[in-house]
Amino acid sequence: MTEWIDIAPLDDIPKRGARMVKTALGCVAVFRTTTDEVFALDNACPHKSGPLAEGIVHGNSVTCPLHNWVISLETGEAQGQDQGRVATYPARVEKGRILLDRAFLRAKAAA
Amino acid sequence: MTQKLIVIGAGMASGRVLEHLFDAAANYDVTLFNAEPRGNYNRIMLSPVLSGDKTYAEIVTHDADWYGANGVTCRFGERVATIDRAAKTVTAENGEVLPYDKLVFGTGSNPFMIPLPGHDLKGVIAYRDLEDTQRMMDLGPDNKCVVIGGGLLGLEAAAGMAARGVDVTVVHIMGHLMERQLDEAAGYLLRKALVDKGITVRCAANSKEILGHNGHVKALVLDDGTELPCDLLVMAVGIRPNVKLAQEAGLAVGKGIHVDDHMITSDPDVLAVGECVEHDGVIFGLVAPLYDQAKVAAQTLMGEHAQFVQKELSTKLKVTGCDLFSAGDFADGEGREDIVFRDPARGVYRRLVIENHVIKGAVMYGDTADSNWFFALIRDKTDIADMRDTLIFGPAYQGGTPLDPLAVVAALPRDAEICGCNGICKGQIEDAIAAGATDLGAVRLTTKASGSCGTCTGLVEQVLAVTLGDDFVIPAAASICGCTDMTHEDVRRMIKSQRLTSMPAVWQECGWKTSCGCHVCRPALNFYLLADWPVEYQDDPQSRFINERKHANIQKDGTFSVVPRMWGGITTPNELRAIADAADKYMVPTVKVTGGQRIDLLGVKSEDLPNIWADLNAAGMVSGHAYSKGLRTVKTCVGTDHCRFGTQDSTGLGIKLEKELWGSWTPHKLKLGVSGCPRNCAEATCKDIGVICVDSGYQVSIGGAAGMDVKETELLLQVATEEDAIKAIKAVTQLYRENATYLDRIYKWMGKVGLEWIKERVETQQDALVDRFELSQSIYRKDPWAEHAQTKADRYQPLANLALEAAE
Ligand code: SRM
Ligand SMILES: Cc1cc2nc3c(=O)[nH]c(=O)nc-3n(C[C@H](O)[C@H](O)[C@H](O)COP(=O)(O)OP(=O)(O)OC[C@H]3O[C@@H](n4cnc5c(N)ncnc54)[C@H](O)[C@@H]3O)c2cc1C
Ligand code: SF4
Ligand code: FES
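Just so you know, the sequences run in chain order A and B. Under the numbering used here, residues 1 to 111 are what the first sequence spells out, in order. Under the numbering used here, residues 1 to 808 are what the second sequence spells out, in order.
No lab work stands behind these hints, which were simulated from the structure alone. Be careful, since some hints might not be right.
[As the list claims (entries may be wrong)] The list that follows gives simulated cross-link-like pairs (lysine to any residue, SDA-like), each with its CA atoms no further than 20 Å apart:
| # | chain 1 | residue 1 | chain 2 | residue 2 |
| --- | --- | --- | --- | --- |
| 1 | A | K48 | B | N553 |
| 2 | B | K659 | B | A618 |
| 3 | A | K95 | B | I239 |
| 4 | A | K15 | B | N547 |
| 5 | B | K605 | A | S49 |
| 6 | B | K605 | A | C27 |
| 7 | B | K556 | A | C27 |
If you're wondering where the values come from, they're calculated on a predicted model, not measured in any experiment.
Isolated chain B (complex conformation) (with noise of 0.2 Å):
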């Protein structure tokens, strides 16, 4: 006998069990309700539609046609109001009882819509159905739209409306794209190809309020303050099964409908498929599992015996020109193991998570024409053993020998682009090679090859060796450290000729090896960031040295130390007695006097960091830096105030520069002495920048040292006046901050570069050097210690206190 059907909601899962249920020509009497006014679509090529790349009409997967033919009576625009379970029936919008057999649930998905103030102004919309695409097709070029949420919908939405012209900006919540699926360094690629695409990404942006004028969206705010002014504004943020109608029919709901493995409900009548179920405590959100649901409950809906198996997943971004695939479970964690290759020449990504030699995880960006070929290794668990040294290479390598990388460039023809930045070819290299130019120095000066970005400095090599042979070895040039062959200097370089502001991108531009780093690097590249970026980076605590992670110099019995700045070796009874109220309440084994013309509280534990700070900063100071690559004294002599021999103010001096200098970071520290007559009471010839002050104005040396080596400061230039003094000296310490390797001295540098081209620079750049300066102190001119205290003081206690646990 015909069994009476009825299915809610004509969505991509529902559309399957029919289909399933038709082929097999089941003997059911379908009735189809669907709240939206139309039939089965498909809903994942709404982005397509939406860039205009396809129609709806080309979407559209179950027409009128194919309902007549396989007898469905179709209810679109009419929603199930009640479901009375006892009596199986169902109730329509329009109050007709209509009875069921079984009934089945594929309800899919409500939007999340974040209650923001201002969530429910026009213009404020979701991303989910033809409605949405049609609102944002019908926004013309040139107007405004934010979304907020970065992920897979948010950036399908903001590529597609960035296709016809509008000015789109996305706002994320957590500090990459995509975070759920891809790791930092694949989420910088998609960030700067969607920069490329026009549209303005902001990443760790929280939304505050959404402003209206009558009663239409006109911009959203961000925490900071920031107006995004949009005509349109669309919430991507996520999704919530649809189970209020399942959960007034009474029902087992969780975070979706509860079903077994047959796709049953609590009610053995009632089924349910798509989004709105929740499975093993699972909800689903991508179509591959929901087809294996569909062809599930159509089989027991037809009384065979099948079981729905939850399989691994990935994804794909359809947006043209971002290329990116994750699967699995890329993680680190125990015993797993990373394989990472970046070809930052191509932008491609690609990182491998191996636990026991089974591929875990993958995220690919800019070629993922393997990723099938991985996915199906991370599926079947291969034993990937014997492939691993050329596995990341992909299908292409496997089965042969590694490669030589020798042979690779041996075997490339000669109009082969070895620099991209100066299209130069292999063949052009040969030539300046036969030509006489034997080294890397030569041939970058004839061709210009490996001139610019650098990059193919390897490469270049590579040529030299392969054409002369033993004639030609490659300097191992000193990098950083294990995570890169670059230097220093060729990091530099990288980071202000790319524009890179962030350290995923220097990972990925410059070929890094590691996944995140390392404690060698992280310092250094941190630093150069911040000096070369300093508006556009937010400095990382976390690739700092404990020191000035916490502002404070750590003991070897894991206490700390605390300067405070005495401006120029100045202080006053107050500022005295508030040291010595502090040592006594914090209980301080060691108060000492420095060399650097200031007090030391020795051994204070880490918990009590903020409140002594606290304390120091009532009194009127503040961090001394002692901790510091930056600014750590300015040391001065008396002076005119009362020695008999000065010449100038060098105390006073002294004090303006520190107050103009302090907070700054600088490859190393820096410290400088103002000494107001040549005897050098303060050693100001033995500093990284000295002042001697003499009758006819400031002698400005720079280069000396007092550690390790002991050198006497040159010359840098003599000026007249105190304002003159502090300008050449800002100018110099911003070349320095600009230009010197991590870790060195200023006497380093400029044993590098020498003296003479610095001279050129800060007479000739001095107005340019002083305004960068001023830019970056704007933000670094500030008193860490009082920050600290004021919000980050429950980061130096410890996490929990278990002492009182027993451990029986």
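Chain A extracted, bound-state conformation (with noise of 0.2 Å):
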């Protein structure tokens, strides 16, 4: 069953931005894209740990801030000739509040 943690407002992360959680087991990236949807991602490029949080959203992807590398916020897959992928949790709003799935956590002690 699926348990969801509520973590913010929305409005607490700008639109085609991010904003980061910190979990006992590392840093996950929260974005939200132009049209209001929210996603969950390792905070870690699957380059050089690049952190995501900081790469510019446009449409469903993030541009890594420290090489470009362009990763899909919905399978966390690197794009293009990249290779290489980073674990993504699931993620949603609800009335304007951005909730994260508990087994996430649990996931994390897994990985």
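Once you've looked at the hints, go ahead and assemble the two chains, each given alone in its own frame, into the complex.
Below you can see the structure in the form of structure tokens.
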């Protein structure tokens, strides 16, 4: 069963932006797209662990701030020629609040 | 036996219930109450009445004859005051008690009035009924009206009044109009169409209070202090289901009156339809579902089994000249793809959102002729895999082979217009080609085609290709990125010539192929827009690389470096102490003297940035912009203050220059140097702009480099006074800001336009350039660190800390 944790109001993340959530097992980047969708990914680029939360968000992708890899927010997969993938976690918006699945903490523990 | 039916509210939903009942000759004796002093009319046609396209008489749906013929007892202008469900009676306002067998609620909704100070002044109205419409119609031409709310209703009110010559301003709290139905791009086109109608539109504007005079509205005041004078103020910010009476009668009420699938409320003898109901958690504001409800309610009243099912909805705006359509869900999402089509020349925008080969949502502007077809595809969840390539062009293009753009151009008649700006037809271009113009430049020169806004460049090239065959290869000019076919130069030209002042405007007018650009084009557009429209355009931090968004340089481990300004390389013991204290306090691992005559604190954590900035601010230091495509450093030597060879006060001039230029954004970074004599200890002749002091004055030279390329500056001009040197430098900086391609240093730009071109403009247009530079600086010459430390510090903290959450 999914158990959702209320994280913060959606408006705490700018449109086409991201913020970081700290967990005991590392940081998760929470993204907000142009159309107010939210996505949660490990805050570490598959290339050299660049902080994805600091990247430029466009469409459903983010460009890593360190060396411009483009990562899909939906799959965590690097786009184009680049190879690699970061973990993604369930996230959604309800009544203007961002919710993350508590299971992601467990998933991170297992990873 | 005939049963007694009492209906509360003669609105669009309950009217439809009665039509169904009478059509089926149901055995009911109906009494109809209505708070408005009239029967049922087509409320959605109030907008055409307002704009003068229709009269009230034309929108009446049920007249006295109709009510008479169906034996309805009309109690118009009378409210139902209370209901006694146990006794099954209602009490009218005049105290009369009437029994019922069945009761139907159709009380609609109430417009929401924002409780701003002054909202109860005379002349503050909603837009809901004929009275409101009449108030707006009575406002003669040249009066001023403010409409709060840039949604469907607000815009119809605004357009209707504008059509009557009223001076209308729409104040909308969100960034673009009709944000619930439209995306930014369509919102931009809509805004443009309204502005063309003479309506002033203010988005992202927050209302603060309403001012009055003798009890009558006088002006609206915004958060930022702007005062918008008005004779009438219309609030169109939303509606709330009208549930008061139902609540007092003890019916189950949430946002609306709770009904089941049969439109029955929590009391089996009481039904409800229309905007006053809540079904399955949803409330309603458009008539399509209300009509479905009315049909179900009528069948339920007649003892038939029927169920109300919620359906997909679509929206259109009834304002002439603003053709827009939106339907379904057009949010981006997992597994969703966008198909975007833009035709800048015709002002057309279409966007489809597709998931698993099914269209989920659509937004269209400018050409909505195919909207019904798309709406049917959404509603029926049609598999569109086979027509995906041509889908966006609409039904006319399905089933055939995909169109070859060259074949389309080849098929155009000779009198087809190619260049709209100059009115050049295909035939004229063909003639020019036949007369020897065999490339784009020659065609442009002889016919002027594509010489103005440039959007038809591709078309002209296609005419060349079709006419010359293999002799002409369409040149692949390097476009900014995959989002567009336009080059940086094309886009800059469009921004200036078409007065594009927002990013959605550029995306639309330049035919962007993605919904919101990418990391390559967005930073460039953000710069172009703020450089060309410093007052109108709002800087977009989300379109900036992290260093410029967070005003610090990101390091390979995700920490940041902090470089405060040391004006002209001069510091003081106090500044050095503050830097040392900050380094201790925030445990900065590395403190380094940079190549730019200042000190770098490397390895600061994101969370600490606002605090370290506040500490440095307290000691009088500001951001050094070591991270910006903007003014970096002005390197100086000691000059006449101490040096035995110094000819002028190079340190003083350097400090003055840095204080005048700091905070300005430029196409790439901008570094200056001022040396006190030709020995050049400040290395001024390898900077973007260098000043060498000589006995007779100042030599200002530009275009040096000492990075990946090494180049010596070239002399721009020599002036006699410090003041003239500063003016010349501001002028050349502004010329660079206005003309260079994003990420070209001055030497690269100079390589393209030539030193002579720059010189001529700096000499002949100096004052105008300086004025424009100063205008921009009036906004940007401020310390971003102080601003962020004071107003945005929370953005530097994690959104949440779940480190203590159990990970069991
Ligand atoms: C800190 C500093 C080195 C130092 O320790 O001295 C430095 C550090 C960086 N330089 Fe530099 N440059 C520094 C002076 C220079 C100089 C010398 C100067 O300014 O007198 C040059 C040569 C002159 C010039 O600007 O061309 C210089 C030419 C570059 C270049 C090549 C630019 C070019 O057009 O060829 C880059 C790359 C770029 O900008 O694209 C660069 C980029 C960088 C970046 C920003 C790399 C990056 O993108 O992360 C480095 C950031 C380090 C950090 O995290 O803080 N840095 N860099 C100097 C800071 C000066 C200051 O106080 O602001
Ligand atoms: C200007 C305008 C333009 C619109 N354009 C569109 C459009 O283009 N497309 C679209 O789909 N929808 C549009 N709408 C919305 C549409 O008009 C409504 O959804 C629809 O009218 C709601 O019908 P209803 O029967 O629920 O309520 P209403 O039509 O509002 O009728 C409710 C009636 O109940 C009366 N009443 C309330 N309480 C009592 C009481 N206690 N006793 C007696 N009577 C009472 C009220 O006076 C009112 O006359 C528009 C609305 C407006 C105002
Ligand atoms: S020279 Fe290269 S390594 Fe050294 S600071 Fe500049 S960019 Fe970084
Ligand atoms: S660490 Fe992300 S691109 Fe290199």
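Status of the hints after comparison with the structure:
1. A:K48 with B:N553: holds (17 Å)
2. B:K659 with B:A618: With Cα atoms ~19 Å apart, K659 of chain B and A618 of chain B stay inside 20 Å; holds.
3. A:K95 with B:I239: holds (18 Å)
4. A:K15 with B:N547: holds (18 Å)
5. B:K605 with A:S49: At roughly 16 Å apart (the allowed maximum being 20 Å), S49 of chain A and K605 of chain B satisfy the hint.
6. B:K605 with A:C27: holds (14 Å)
7. B:K556 with A:C27: Holds - the C-alpha atoms of C27 of chain A and K556 of chain B are around 16 Å apart, at most 20 Å.
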